[in-house]
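*Asks:* Model the placement of chain B on the given structure of chain A, informed by the hints.
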Amino acid sequence: MRLKQRRLHGAGVGLRLPHIAEVVATRPPIGWFEVHPENFLANPHATELLSELSQHYPISVHTVGVSIGSLSGIDRSHLKRVRALIDMVDPILVSGHLAWSTHAGDYLNDLLPLPYDEEALQLLAAHIHEVQEGLGRPYLVENPSSYVGFGMSTMNEVDFLGELVRLTGCQLLCDLSNVHLSAHNMGYDAYQYIDGLPADAIGELHLGGFTYEDDEANPGAELLVDTHATVVAEPAWDLYAYAIRRFGPKPTLIEWDNNIPPLAILLGEAARADEVAAQAIAPEARRAAAR
Amino acid sequence: MPLLADTQRRLRRAVVTGDAAGIERLLVGGRRAGKRLAIHQRQYETSLVTALLGKFPATAWLVGTPFVVEAATRFVRERPPNAPCIAEYGGDFPSYLSTCPGAERVPYLQGFAQLEWHLGHVAVAVDCTAVTLREFSRIDVDVLPEARLTLQAGLRYLPASWPIDNLMKLYLTNTAPDQLSLARCDVWIEIRGARGEFQINRLEAGEFTFRKAVLEGRSIGDAAERAMESNAAFEPGRALAALATDGLVTAITLGAHGDKS
Numbered sequence: 001m002r003l004k005q006r007r008l009h010g011a012g013v014g015l016r017l018p019h020i021a022e023v024v025a026t027r028p029p030i031g032w033f034e035v036h037p038e039n040f041l042a043n044p045h046a047t048e049l050l051s052e053l054s055q056h057y058p059i060s061v062h063t064v065g066v067s068i069g070s071l072s073g074i075d076r077s078h079l080k081r082v083r084a085l086i087d088m089v090d091p092i093l094v095s096g097h098l099a100w101s102t103h104a105g106d107y108l109n110d111l112l113p114l115p116y117d118e119e120a121l122q123l124l125a126a127h128i129h130e131v132q133e134g135l136g137r138p139y140l141v142e143n144p145s146s147y148v149g150f151g152m153s154t155m156n157e158v159d160f161l162g163e164l165v166r167l168t169g170c171q172l173l174c175d176l177s178n179v180h181l182s183a184h185n186m187g188y189d190a191y192q193y194i195d196g197l198p199a200d201a202i203g204e205l206h207l208g209g210f211t212y213e214d215d216e217a218n219p220g221a222e223l224l225v226d227t228h229a230t231v232v233a234e235p236a237w238d239l240y241a242y243a244i245r246r247f248g249p250k251p252t253l254i255e256w257d258n259n260i261p262p263l264a265i266l267l268g269e270a271a272r273a274d275e276v277a278a279q280a281i282a283p284e285a286r287r288a289a290a291r
Numbered sequence: 001m002p003l004l005a006d007t008q009r010r011l012r013r014a015v016v017t018g019d020a021a022g023i024e025r026l027l028v029g030g031r032r033a034g035k036r037l038a039i040h041q042r043q044y045e046t047s048l049v050t051a052l053l054g055k056f057p058a059t060a061w062l063v064g065t066p067f068v069v070e071a072a073t074r075f076v077r078e079r080p081p082n083a084p085c086i087a088e089y090g091g092d093f094p095s096y097l098s099t100c101p102g103a104e105r106v107p108y109l110q111g112f113a114q115l116e117w118h119l120g121h122v123a124v125a126v127d128c129t130a131v132t133l134r135e136f137s138r139i140d141v142d143v144l145p146e147a148r149l150t151l152q153a154g155l156r157y158l159p160a161s162w163p164i165d166n167l168m169k170l171y172l173t174n175t176a177p178d179q180l181s182l183a184r185c186d187v188w189i190e191i192r193g194a195r196g197e198f199q200i201n202r203l204e205a206g207e208f209t210f211r212k213a214v215l216e217g218r219s220i221g222d223a224a225e226r227a228m229e230s231n232a233a234f235e236p237g238r239a240l241a242a243l244a245t246d247g248l249v250t251a252i253t254l255g256a257h258g259d260k261s
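Quick note, the sequences are listed as chains A and B, same order. If you use our numbering, the first sequence corresponds to residues 1 to 291, in order. If you use our numbering, the second sequence corresponds to residues 1 to 261, in order.
Just chain A, same shape as in the assembly:
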């Protein structure tokens, strides 16, 4: 039996391997799950369980190994493996990162920063076309968590993302925690960043925990690090409410990848996302009803 419901309702959570058996056994009340295909491609047993879950929950596929920013090109054999998984679980969304992670055959297991200039723009546009063609679906591109930028950049991140949307027809995955973190680290206004994004292109939102460290580049200051190892911080919730008001309700994911807590904690964070979204749009709804 294929899942009949093809829309994402409410918040979802990232499904990581430590939780998969529990999710299969208990079928928790959650709108949807997001998976990293790279966690499943070498794990036939987990893939079998994911296939079963895809009959009961909408699935979003979030790639961490499709390196659209690498000059060495898209790894086509990896793309084919991702395609096979996608064909199996029939995800409602497929996404990846504005970043690069491969170089001359080395896979660096990180999301590395790009200069925002014409050369990078054309490269990424070509690669997004290739990925969308290879996967047979639209691809959502996620804004990065930034610690450094490049002096050679000729445009800001918002304009770069907007150009990618224009050139490729891709959608955007806006990670609000990344926006807050990057704005803090790089010294810009997170709310202006949200205002600058093309609202029509926003297909999904992410929220994840970050941690604070001493900033060696600015002695005495703090740096935010995208660890996905804790609960979502208050400033990110505030930004999320602002984003909901600007973009409207969007599928929202709670990400947690390190020091993974009991599933109930994740479900609690997802419930909070639903509450924040409901409160954020309530005044808009009241205004609309009054008109």
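Simulated from the structure, these hints should not be mistaken for laboratory data. Here a beta-carbon is modelled for each residue, glycine too, at the ideal position from N, C-alpha and C. Among these hints, one or two may not hold up.
Now the in silico label distances, taken between C-beta atoms and shown as ranges [as the list claims (entries may be wrong)]: (1) L267(A) to L133(B): 24 to 30 Å; (2) G248(A) to E70(B): 48 to 54 Å; (3) T26(A) to T132(B): 51 to 57 Å; (4) L167(A) to P107(B): 45 to 51 Å; (5) L167(A) to T129(B): 48 to 54 Å; (6) N82(B) to N258(A): 21 to 27 Å; (7) N82(B) to L167(A): 27 to 33 Å; (8) T73(B) to A199(A): 43 to 49 Å; (9) L53(B) to D90(A): 34 to 40 Å.
If we take Cβ atoms under 8 Å as the criterion, some of the chain B residues that face chain A in the derived model are [unchecked claim]: (10) L26; (11) K35; (12) I86.
*Replies:* Chain B in isolation, oriented as in the chain A frame:
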């Protein structure tokens, strides 16, 4: 103005080796942006070292976590992953470990780590429906020697010069004595697993050779000949029946035409 190729080459070097000299002047972010590269260096190194430790807990038990951490740290710097699935990274770590200073005191270290690597992989395999002995009996005995068998995905065969299977069982059952004396001896190990479970079986040389050859795609006749070379008393009929009754065969391919059963 550096091109993207040069920028990525320099950043790759900074992340993998820690040499940020070629990239720092290109960066912005804080008063000394280059310092922030430590976050990317740490993500690369820590995530991969943690992944390796997660795959080799028994090896860390055997030789100590500091030894494995030090070896893993050097390994990730010298041999970055070449594919995005980190679960597939580390297949050559056992041989790398055996070259590390101090490893000469543990001559069974490579074999033990290889056994652990295989356990991790067979445990996530998925079993298929097995061919029954009755289905085998329907095959004309004249064509049987040319037949090739497909075995379950969660099977590995590992020869060793030390009783690493017994050592692994001590770890798995948490029954290791304070001191243990290991004597060199040839062992032939079958590792079988699926859906989170695994088992370690010791085989005799002929049966090991037969099963390994079959797994590698050799015909039944060829595999039997190899098995008899390693053990003159090897009985092909009994070994073939055991393969079937153990539920290891998932498909039979007959003759040159490749007809599958």
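*Asks:* Take the hints in turn and mark each one as holding or not.
*Replies:* Tested hints:
Checking the proposed 24 to 30 Å range against L267(A) and L133(B) shows it is violated: the Cβ atoms sit about 48 Å from each other. For G248(A) and E70(B), the hinted distance range of 48 to 54 Å is satisfied, since their beta carbons lie about 52 Å from each other. Between T26(A) and T132(B) the beta carbons are some 36 Å apart, a value that contradicts the proposed interval 51 to 57 Å. Range check, L167(A) to P107(B): Cβ separation about 59 Å, and the 45 to 51 Å hint is violated.
In this structure the hint that L167(A) and T129(B) lie 48 to 54 Å apart at CB holds, the actual value being about 49 Å. Remark: the range hint 21 to 27 Å for N82(B) to N258(A) is upheld by a beta-carbon distance near 24 Å. For N82(B) paired with L167(A), a C-beta distance near 30 Å keeps the hint of 27 to 33 Å intact. Between T73(B) and A199(A) the C-beta distance comes to about 45 Å, which sits within the given range of 43 to 49 Å.
Between L53(B) and D90(A) the CB atoms are about 36 Å apart, so this pair conforms to the stated range of 34 to 40 Å. Interface hint status for L26(B): upheld, as the beta-carbon distance to the closest one in chain A is roughly 6 Å, under 8 Å. A distance limit of 8 Å between C-beta atoms decides the matter here; for K35(B) the minimum to chain A is near 4 Å, and the interface restraint holds. Look at I86(B): its Cβ gets to within about 6 Å of chain A, closer than 8 Å, so that hint holds up.
Hint compliance for this structure: hints 1, 3, 4 are broken, all remaining hints hold.
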